[in-house]
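Protein chains in written order, with this note's numbering: chain H, 1 to 317; chain A, 318 to 634; chain Z, 635 to 940; chain E, 941 to 1246.
Hint data in this document are derived by calculation from the structure and do not stem from the laboratory. Warning: the hint list may mix true and false statements.
Under the rule of at most 27 Å between Cα atoms (straight-line distance), these lysine-lysine pairs were calculated in the DSSO-like manner [said to hold, decoys possible]:
| # | chain 1 | residue 1 | chain 2 | residue 2 |
| --- | --- | --- | --- | --- |
| 1 | Z | Lys765 | Z | Lys925 |
| 2 | Z | Lys765 | H | Lys262 |
| 3 | E | Lys1158 | E | Lys977 |
| 4 | E | Lys1231 | E | Lys1206 |
| 5 | E | Lys1071 | Z | Lys765 |
| 6 | E | Lys1071 | A | Lys579 |
| 7 | E | Lys1071 | E | Lys1206 |
| 8 | E | Lys1225 | E | Lys1206 |
| 9 | H | Lys112 | Z | Lys765 |
| 10 | Z | Lys765 | E | Lys1225 |
| 11 | Z | Lys900 | Z | Lys925 |
| 12 | H | Lys233 | E | Lys1225 |
| 13 | Z | Lys919 | Z | Lys900 |
| 14 | E | Lys1071 | A | Lys429 |
| 15 | Z | Lys671 | Z | Lys852 |
| 16 | Z | Lys919 | E | Lys1071 |
| 17 | Z | Lys852 | A | Lys550 |
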Amino acid sequence: MAQRVSVNISRRNGASGGAESCPQCKQLLSAVELRDNYSVCPNCGNHFRLSARERVAMLADSGTWNEIAAGLRSADPLQFFDLRPYSERLEEAEYDTGLGEAMIVGSCRIHKMDAVLMVMDFSFMGGSMGSVVGEKFWRACEAAIENRYPLVAVCASGGARMQEGILSLLQMAKTTCAVELLSEVPVPFISILTHPTTGGVLASFATLADVIIAEPGALLSFSGPRVIEQTIKESLPDNFGLAESNLNHGQIDMIVPRSQLKDRLVQILGMLEGGVACALEPLWEEEAGRPGRRGPLAGALGRIKAFANAPWRSLKR
Amino acid sequence: MAQRVSVNISRRNGASGGAESCPQCKQLLSAVELRDNYSVCPNCGNHFRLSARERVAMLADSGTWNEIAAGLRSADPLQFFDLRPYSERLEEAEYDTGLGEAMIVGSCRIHKMDAVLMVMDFSFMGGSMGSVVGEKFWRACEAAIENRYPLVAVCASGGARMQEGILSLLQMAKTTCAVELLSEVPVPFISILTHPTTGGVLASFATLADVIIAEPGALLSFSGPRVIEQTIKESLPDNFGLAESNLNHGQIDMIVPRSQLKDRLVQILGMLEGGVACALEPLWEEEAGRPGRRGPLAGALGRIKAFANAPWRSLKR
Amino acid sequence: MAELKRLPTLPGVHLKDEIAKITHRLRDLGLSRQVDKAVWDKVELARHAQRPYTLDYIHHMFPGFIELSGDRCFADDAAIVAGLAAYMGRTIMVIGHQKGRDLAARTRRNFGMPRPEGYRKAQRLMILADKFGIPVFTMIDTPGAFPGVAAEERGQAGAISAALLCMARLDVPTVAVIIGEGGSGGALALGLADRVLMLENSIYSVISPESCAAILWKDSSEAHLAAQTLRLTSSQVADLGAIDAVLPEPRGGAHRDHAGAAHIVKEVLEDNLRELEAIRPLDRKRERFAKFRRMGVWKENGLTLF
Amino acid sequence: MAELKRLPTLPGVHLKDEIAKITHRLRDLGLSRQVDKAVWDKVELARHAQRPYTLDYIHHMFPGFIELSGDRCFADDAAIVAGLAAYMGRTIMVIGHQKGRDLAARTRRNFGMPRPEGYRKAQRLMILADKFGIPVFTMIDTPGAFPGVAAEERGQAGAISAALLCMARLDVPTVAVIIGEGGSGGALALGLADRVLMLENSIYSVISPESCAAILWKDSSEAHLAAQTLRLTSSQVADLGAIDAVLPEPRGGAHRDHAGAAHIVKEVLEDNLRELEAIRPLDRKRERFAKFRRMGVWKENGLTLF
Ligand SMILES: [Zn+2]
Ligand SMILES: [Zn+2]
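With the rest of the complex left out, here is chain H (with noise of 0.2 Å):
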């Protein structure tokens, strides 16, 4: 289904005006023809690459999006340098996006219903993890449990940013003891994983989510491919590491096509809300001043019974 991962940074293929052809199956489309259909090629299926900008256009409501942390740029605490110094290809990156990091995160409303959205961006050096990502992802999680919202984080990375070090290894344990605090009260937090997710980033907050869902054809490996083959030293199968396979190994919850991404994300967010657990708002409510849930099954509280001293957090493990 998908072509290969190249972990090298590489332009988005589909950003300029005219035509291009379809790298899977080689057909010429046109750019209005692929955006009207979600950037996936009519012919094969193929999903094309999508920019951070163009997932959040695609996900949120119109003029709902609010940016959160658009301030936060890389700094460069090795002073690392390879062929280039990592400072220059930050500078680089930016301009070629015109994003200040690899994930942008913001609230925003996603069918009319409130939500925390991340979206990372592979042409941003890979869409590797490092400090900004990190804290990104954290300021997202406070936004999320701050205002009661559930969290919905589009995966693309080709893992830890190796020109931060140790400091991008740990963004890992970082964003992990960010989820543990979103299920602590719990807040519902979805991962969408897509072409390719690997690393670093798979490895922690993308399959810790309570439901997981992937595109079609998404390359998720936590090793990449060349690493492995050069460690078994023979090639891989064809379906390694894709989405199809990591369903039928039970890594995924679901495949789901770009063109019906949205409204699966809304109806499994109105189900995790809807738990008879609504029926315990009123306990929350009182105790930090947060709005109640909003999903559209939260209609259950009215009918059931609220308890005053359940013990309700003791849900949480």
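Starting from the known structure of chain H, fit chains A, Z and E with the ligands onto it as the hints suggest.
Same frame as chain H, but now just chains A, Z and E with the ligands:
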């Protein structure tokens, strides 16, 4: 290592006073020789089957065994009969084994450490679990919780007792609930899986222990080898379901030869009793008037500050 | 309709009558063949190829059902279907064994016989439900857990016991319905619930009649004799106090009217959930434990206890 | 001795000096080879075949160690060793990566590269420890999680993230010591602890120098250049605020004196546990979260923050 288990009810083969030959290596062994070597063949290491009483004698300190619920006997709720009525089979089993049921339970000391001990006897209707085994298990758990003694279960079972129909199946649910009550305290629970432990016993309390020990060569499988052979229409691998295979497949914690079992048991119980949680014992005592921990490591208690309001019970999950 | 919904049976209440009846049971095999007939009919109905399966109930009861997959360890087991559903103003987690109706589906669903992965998926999703206060509804319909070498190696026994422990622990309400074949530990693994109900023509048994006959008479063709002595029909199981109620089926049996059967289950589920939701979680758990503690019949110092 | 035990390093404290130093770093490759030497020596020491491994520390620190096995799902992974130990009047759960010293052991231990089963075993035993209030002590020494097709299929990524979440959740005190090679996510999976310490000659890195060089210079022989730029030695990692303290090693390095190294770790462990045990579980967890929240360096609206 082990001979294949027969689910048929067979008389113990080590009870006679004279010599007998090892079913595995055919060496002729005297009764004294066997007894002095924990009923393990000194030649090949084959672990002979033990009666429940022999097992108690081997594990409990001399004179400390205090049987619980000895007066329980199976009823015959289904008026079950096949070639002979269930009630006749029960009478015969009691006559042959001197036991009222396939499990005896009691409190005792193991190397001076108080414990509740339950031992199954395969010679009593194949160690099958019916209502009485379930009820005895429940009472043993109650005694363990009441006295704050750890629980040790020595298992040997062909599975559920068919002759009690659905009621025997439900003993799996009943014993599971009892295990959950243990973990709410928490009371340490160790299971010792001996040859053979299969079916409903393996699929309930036997695999729910905090630490799972097996004797060498014990057959441990949910389905019996014959059932599997009939299903897959081929013969099984030689090591199918053996303790050694289960260890490799991550299903048990360790294999302990019978000669080391008592020592190892006490070491593990001591370890489980000696966590920093013992610092919170005063809380429990105040709460329920229960006696405190008595593990050899409970000395930590004096050294570590007690936390007046520690939410320790949240530990249980 | 309302009076059909729940026919609660207290454990052991009818037991003495039954025992009296059974005492008169003829031990002559020739005659017992006749008595067999009704019981064996139930066995065949429970296994009827047109009987509604979990996905049929889901189709009729939960239009917006969202399936969730995977044990996060090894595989997604298609012999157990699970997912979220909107139901009468709340969300529930639906989990059930799934057989297949045609050959391809049967193979894919492994004839409704789960491997350890199926039970681990169920456990994972029950924990998810618990986290969000979502009640759990299970449907039981399996000949049993799959007996295979690899399934054993991956811990079939431990997967079942872990699922049982998980159900014992849940703080949310749980309702189980045996919709067809309730076979052995593989069925019970989804059945440690606050309410356990059986459809009229379903069976619930510690062992399949065929296996039982093979062990007792060394002849699996004696299965209908075994079926009779195992007491596995819904009314017999109810009389033993092993379930909470028997649910009537549409005229002629559920296989003739999937929608009708689903309608009955749907109404009964709502009544039971409503009752259970009114109980505080800790109390509900205590009641669950107390119920399973009562399971069984034994004599203590000569006195028979239920 | 006492003053050697813990040399706490507050996150970022020395960072500015370091940055000043690095700014002067020579970008000329020829000269940087020299600077390399000391760093590469550390890499080689961290991987030294005679360096004490987890089982060596266990041998010296915990005479009564009882190994526990298995993930209860698929296998027992020998690349991670775990078990209970009596330690200074209390029980602790010891979990660590294990390399092998000879060829047979290396193969059996898979060169210290765990498969998902290893992380699931660790997770299972951490939950067991939590249940009984037993502190968790981990030793980190791995080139990384095993990169293999089957390991990926069985959920390597999910096994690591689940282990991380488990460590975040624990109510008991947790101490991690990097004793040799702290390689990537496979190392971190045991490292989300209340206290994370590094032995002087150990390394902790997001990627192996060889892989880093292969990606950046398309030439894995540039590994020592990569090692230098990755800042993976104990003092460099401490300066970045990524760990809590560096532990000194016996004269000449831990590989020359296993007992001496174990003695240092043992004393430091006791000090740290004693401090952690004095904190209430919930507070300890909050401090753990706060610590990992601080990890990283970023600019906000032009201001650099540590
Ligand atoms: Zn195409
Ligand atoms: Zn022998």
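Open item on the list: For lysine 1231(E) and lysine 1206(E), compute the direct alpha-carbon distance and say whether it is at most 27 Å.
Closed with: Measuring from Cα to Cα gives roughly 24 Å; hence the hint holds.
- [ ] For the pair supplied as a hint, lysine 1225(E) and lysine 1206(E), confirm whether the alpha-carbon distance does not exceed 27 Å.
- [x] holds, 23 Å
Open item on the list: Just to be careful, I want the Cα atoms of lysine 765(Z) and lysine 262(H) compared with a cutoff of 27 Å; is the pair within it?
Closed with: Distance ~24 Å between lysine 765(Z) and lysine 262(H) Cα, so the pair holds.
Open item on the list: Hinted pair, alpha-carbon criterion (27 Å max): lysine 852(Z), lysine 550(A). Please report holds or violated.
Closed with: holds, 18 Å
TODO: For the pair we were handed, lysine 1071(E) and lysine 765(Z), check the Cα-Cα distance against 27 Å.
DONE: Between lysine 1071(E) and lysine 765(Z) the Cα gap is close to 19 Å, so the pair holds against 27 Å.
Task: Given pair status - lysine 925(Z), lysine 765(Z), alpha carbons within 27 Å - done: holds, 24 Å
Task: 27 Å limit on alpha-carbon distance, applied to hinted pair lysine 1158(E) and lysine 977(E) - done: Between lysine 1158(E) and lysine 977(E) the Cα gap is close to 21 Å, so the pair holds against 27 Å.
Task: Restraint check for lysine 919(Z) with lysine 900(Z), where alpha carbons must lie at most 27 Å apart - done: Holds, at roughly 23 Å.
Task: Hint consistency between lysine 765(Z) and lysine 1225(E) [alpha-carbon to alpha-carbon, up to 27 Å] - done: holds, 20 Å
Open item on the list: Given the hinted pair lysine 1071(E) and lysine 429(A), is their Cα-Cα distance within 27 Å?
Closed with: holds, 25 Å
Task: Given hint lysine 1071(E) paired with lysine 919(Z) - CA-CA distance at most 27 Å - done: holds, 20 Å
Open item on the list: Would the hint linking lysine 671(Z) and lysine 852(Z) be met if the CA-CA limit is 27 Å?
Closed with: holds, 21 Å
The structure fails to meet hint 12 from the earlier list, while all remaining hints are met.
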